[in-house]
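Undergrad: The primary structure of each chain is shown beneath.
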Amino acid sequence: MKHLIVKSDHDNVGNALEAVPQGEVVAWEHGTRQGSFPAREPIPFGFKVALEPLSAGADIVGYGEVIGVATRDILPGDLVHIHNMAGKRGLPGDTGDRA
Amino acid sequence: MTFQGFVREDGRVGIRNHLLVLSNSRAAGNLASIIASHVTSARCFVPQSEYGREARDRETIARTVRGLAANPNVGAVLVVGVKPDSGYPELSREALLEPILALDKPVDSVFVDACGGFHAAVGEGLRKARILAREASRAVRREVDFGSLCIGIKCGLSDPTSGFSGNLVAGRLVDDLVDEGGMAFFSETTEVIGAEHLAAKRFPDLEQRRKFLEAVAWTEAAAKATGQDIRSINPVPANIAAGITTLEEKSLGALSKSGSRPIRGVLDFAEAPPAPGLYFVDSWMATVSLFLGFTAAGAVLNIFQMGGGWLPEQDAMAPGHDIGRVAPTIYMTGNPYTYAKAVNDIDFDAGGVIRDRESVDHVKDRLRTHVCAVASGMLSKVETLNVHEQLEMYMRGPTL
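Going down the list, the sequences are from chains U and P.
All residue numbers for the first sequence refer to my numbering, where the first residue is 1 and numbers rise by one.
All residue numbers for the second sequence refer to my numbering, where the first residue is 100 and numbers rise by one.
Don't take every hint at face value.
Unchecked claim - Heads up, simulated DSSO-like pairs for lysine-lysine below, C-alpha to C-alpha not over 27 angstroms straight-line: (1) Lys88/U / Lys323/P; (2) Lys182/P / Lys88/U; (3) Lys182/P / Lys204/P; (4) Lys300/P / Lys310/P; (5) Lys2/U / Lys440/P; (6) Lys88/U / Lys300/P; (7) Lys323/P / Lys310/P.
What the hints contain is simulated information worked out from the structure, not anything from laboratory work.
What you are looking at is a predicted structure, and each value in this text was computed from that prediction instead of being measured.
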């Protein structure tokens, strides 16, 4: 079993604290939340893993903040990176709200 | 916790005692480097060319040169030039040379036109530099508080560990320093995008908060104005290869290196702060530029907090060695694999946070001990290499 670090209460992704082979169970806990599931693909050290199902267009949350959106449907145990996630800020068409 | 530092006439504390051979313009760069390379303890700085630069950028050049001379790590200064006045008002005798010659430390100057030519200036400069080196060497260290430090901090080669390991450790150190009356700088305006709402809340001064948000907005607008997808500019390819996906994610991780204390104000590149505390510097993130700006603003020590997941597998040389020119750099990493890959260059391993589940505060205490050792005179790993990096100031205007 390998472990993820989840950085904040509302995060829906965690980071692998060591490299995870495909099929190996990953476990995480943060406060009162916890979970475990098999990695659906190999996860390199430090990379993000989905903690819950995320539909295309859903916000990806890390550090308790929105860090991007899902660009396709994502399942728990999926690697989350540029193939299935995109940023929202600094883009030519971006008109996002500003604090 | 204390360290052994050089208490200067103005009360500020240095941790090194260099003779700085400083060129008053790019044109005298050869003269400065020839003199400095033959004198013990000398460091050399040659600014980038002022030609074709607008007034604001010329002022940045002048501020950087003056700031390096004033840095408490500099025990003596030799200014060299073709003439005492380069022609532009920002780099005139009154604006650049005279404030340096008025510093309360041994200073002197050498100019080609006053010496009867270049070769004569080399000889005269060498003679004066040798005298200054001995005068500077009279300074002695004495015990001072940790809170008398001024530190610049930057993260680099960011990877996911930056945000949950190394930057957290660095941030706690910044909190300690600020709580004990010290001064700290952080920067990298592009890498605040996506986290600016969190940083903005930490500005007690509303005018400074507005200035901060304007700086971020300016940078984001500049990114959009390129017409290019910012994802092709920042996060940089090395970040993405190591597991960072978006600019927002990078920014949130990056902000944690600034700790949690109030941010007193926003400074320009190389601008000295008015009082102790934590400051945001509106600047470019490049390693070969940012530490120069911190040092010219008064930092006596720089910390490069590295992710490093992208580094080559073995004996990876940390980029940039002489990057603060008169202020040493401590490299640290919160990625245990990075430390193992670059053990010859990285001073401090904060990877215990991941490898051993060591508490962030515990690692911070070890870092603090290491910082005090380097502040007391121990060479940082990269400081042992006698190289001469080409440094760049943050220029904002067009080159005409």
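Undergrad: Between Lys88/U and Lys300/P, does the CA-CA distance stay at or below 27 angstroms?
TA: Roughly 22 angstroms separates the two Cα atoms, so the pair holds.
Undergrad: Taking only the CA atoms, is the gap from Lys88/U to Lys323/P under or equal to 27 angstroms?
TA: holds (12 angstroms)
Undergrad: Assess, step by step, whether the Cα of Lys323/P is no farther than 27 angstroms from the Cα of Lys310/P, and give holds or violated.
TA: Measuring from Cα to Cα gives roughly 20 angstroms; hence the hint holds.
Undergrad: Holds or violated: Lys300/P and Lys310/P, Cα atoms, limit 27 angstroms.
TA: holds (13 angstroms)
Undergrad: Within a Cα-Cα threshold of 27 angstroms, do Lys182/P and Lys88/U meet the stated pairing?
TA: Violated. Lys182/P to Lys88/U sits at ~52 angstroms, over the 27 angstroms cutoff.
Undergrad: Sort out whether Lys440/P lies within 27 angstroms of Lys2/U, counting only the CA atoms.
TA: holds (23 angstroms)
Undergrad: Straight-line Cα separation of Lys182/P and Lys204/P no greater than 27 angstroms?
TA: holds (22 angstroms)
Of the numbered hints given earlier, the model fails hint 2 alone.
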